[in-house]
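Colleague: In case you want the letters, here they are:
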Amino acid sequence: NAGVTQTPKFQVLKTGQSMTLQCAQDMNHNSMYWYRQDPGMGLRLIYYSASEGTTDKGEVPNGYNVSRLNKREFSLRLESAAPSQTSVYFCATNWGVAFFGQGTRLTVV
Amino acid sequence: DAKTTQPNSMESNEEEPVHLPCNHSTISGTDYIHWYRQLPSQGPEYVIHGLTSNVNNRMASLAIAEDRKSSTLILHRATLRDAAVYYCILRVLNTGFQKLVFGTGTRLLVSP
Chain A
10 NAGVTQTPKF
20 QVLKTGQSMT
30 LQCAQDMNHN
40 SMYWYRQDPG
50 MGLRLIYYSA
60 SEGTTDKGEV
70 PNGYNVSRLN
80 KREFSLRLES
90 AAPSQTSVYF
100 CATNWGVAFF
110 GQGTRLTVV
Chain B
855 DAKTTQPNSM
865 ESNEEEPVHL
875 PCNHSTISGT
885 DYIHWYRQLP
895 SQGPEYVIHG
905 LTSNVNNRMA
915 SLAIAEDRKS
925 STLILHRATL
935 RDAAVYYCIL
945 RVLNTGFQKL
955 VFGTGTRLLV
965 SP
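These protein sequence lines map, in sequence, to chains A and B.
Per this note's numbering, the very first residue in the first sequence carries number 10; after that it's consecutive.
Per this note's numbering, the very first residue in the second sequence carries number 855; after that it's consecutive.
These aren't lab readings, by the way, just hints derived from the structure by calculation.
You may find that some hints are simply not true.
As the list claims (entries may be wrong) - Just so you have them, the derived chain A footprint on chain B, three or more residues with Cβ under 8 Å: (1) 898-909; (2) 954-966.
Claimed, not checked - Each computed EDC-like pair below joins lysine to aspartate or glutamate, with the alpha-carbon atoms no more than 20 Å apart: (3) A:K18 to A:E82; (4) A:K18 to B:E899; (5) B:K857 to B:D936; (6) B:K857 to B:D885; (7) A:K23 to A:D47; (8) B:K857 to A:E82.
Stated by the list, open to error - Here are a few chain A residues that sit away from chain B, every Cβ distance over 12 Å (derived from the structure): (9) M28; (10) S40; (11) G67; (12) S76; (13) S84; (14) V106; (15) T116.
Backbone N, C-alpha and C define an ideal beta-carbon position, used for all residues, glycine too.
If we strip away everything but chain B, and leave its shape as in the complex, we get (with noise of 0.2 Å):
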């Protein structure tokens, strides 16, 4: 299975732009970059998923790099219900199945 590696923990203030980065150095031409959040007691949810150009939605933005070995998930202003941990993780292309492997994300602190 792809790996990532992700920073443990990040801090940012409320209503500032915040950077969650993402090392994928194992990636396969067909592997899309996923990003979920869970939020304290529930279940992980879906953010954003990119394959080689930048995403946005109404959640975050997704810049992945021109060699596609590492990504950034970008929150554009923190909100305090925005404080979640945060995982990076790589899917097949095209494929309905995959194991989904998760690491242990980055928490990120959001501060008044």
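Only chain A is shown next, with the shape it has when bound in the complex (with noise of 0.2 Å):
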């Protein structure tokens, strides 16, 4: 079992251009989550998904809009972005227990 797959794992862009960013989880759970983790800092929330069909802001939603697509896939989107962007993106599920991806290392130039 994969667990929790994210793609890409690196990506650059440059400001104004528009990226999606998959998350793709293997163990039936119903919650999936976004987090950004900027240097030195802890996790902060993007956007959350309770079930399919269902998303909901979480701290720091400006800039980014999400898709759930079915109950396995949970897909961030930044429609044009900025220096300010610039993180470490975590996907994560939950069910009782949360498992996180690996992370997908996006710098905004």
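With the hints as a guide, bring both chains together as one complex.
Modeller: This is the structure:
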């Protein structure tokens, strides 16, 4: 079992470009989350999805959109990337215990 | 969301025990206490959790105060591989869903 898989692992964008971060889980969990982690900081919640078909804003949703495509997949979209969005992005699922992906390192220049 | 407070950093020597404290004075009766750790360049991983009683697993032990307003993660013999950021968070009982709000955690430094 892969657990939580994030793609891509690394990405460099120019300011104003758009991209979608993909997350897929094979654990059949209802809840999925997107976090960002800036250098030396803890994780901040961007968006979450309690179940298929529902999404809600977390602490820092501005500049992002999400789609819960089905139970397995939860994507995060940056419509117009900004340097302030340079960060490491983590996807997670939760059913009692949370499981995290390995992260996507995004640099916006 | 219920809050937790942890020291920013702690240091230990290899093969010595480490006690990582966490305060959660606003905990409710149904909140579980969870600990995760984040190794360098990796996503967080689950360590241990408990409700009222002390808990042991292969990675660590969790000591919970009688009033549940604080807890301590115990690494019995620290190794260099235990150097990580340790997060203490609260999770509501019997719900598959929670926001899982992380603080800044405690950075554990382990010296040879």
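Colleague: If a hint holds in the structure, say so; if it does not, say that too.
Modeller: Do the hints match the structure? See the list:
Here's how the segment 898-909 of chain B fares: 4 of its residues keep a CB closer than 8 Å to some CB of chain A, so the rule of at least three is met and the hint holds. With 6 residues having a beta carbon nearer than 8 Å to a beta carbon of chain A, the segment 954-966 of chain B meets the requirement of three or more and the stated coverage holds. About 16 Å separates the Cα atoms of K18 (chain A) and E82 (chain A), which keeps this hinted pair within 20 Å; it holds. Restraint check for K18 (chain A) and E899 (chain B): satisfied, since their Cα atoms lie roughly 18 Å apart, inside the 20 Å limit.
Annotation: proposed proximity of K857 (chain B) to D936 (chain B) is violated, straight-line Cα distance about 25 Å (limit 20 Å). Using a Cα cut-off of 20 Å, the hinted pair K857 (chain B) and D885 (chain B) holds, with the two alpha carbons roughly 11 Å apart. At most 20 Å may separate the alpha-carbon atoms for a hinted pair to count; K23 (chain A) and D47 (chain A) meet this at roughly 18 Å. Only pairs whose Cα atoms come within 20 Å are accepted, and K857 (chain B) paired with E82 (chain A) is rejected, the gap being roughly 29 Å.
The claim that M28 (chain A) lies off the interface holds: its Cβ sits roughly 20 Å from the closest Cβ of chain B, which is beyond the 12 Å cut-off. Against the 12 Å criterion, S40 (chain A) falls within the reach of chain B, whose nearest CB is about 5 Å from its own CB. Not every CB of chain B lies more than 12 Å from the CB of G67 (chain A), the least distance being 7 Å, so the non-interface label is violated. At roughly 18 Å, the least C-beta separation between S76 (chain A) and chain B is larger than 12 Å, which holds for a residue marked as non-interface.
At roughly 17 Å from the closest C-beta of chain B, the C-beta of S84 (chain A) stays outside 12 Å, upholding its exclusion from the interface. In this structure V106 (chain A) is not separated from chain B by more than 12 Å, as the shortest Cβ-Cβ distance comes to only about 5 Å. At the 12 Å boundary, the C-beta of T116 (chain A) stays outside the reach of chain B, the nearest C-beta of that chain being 15 Å off.
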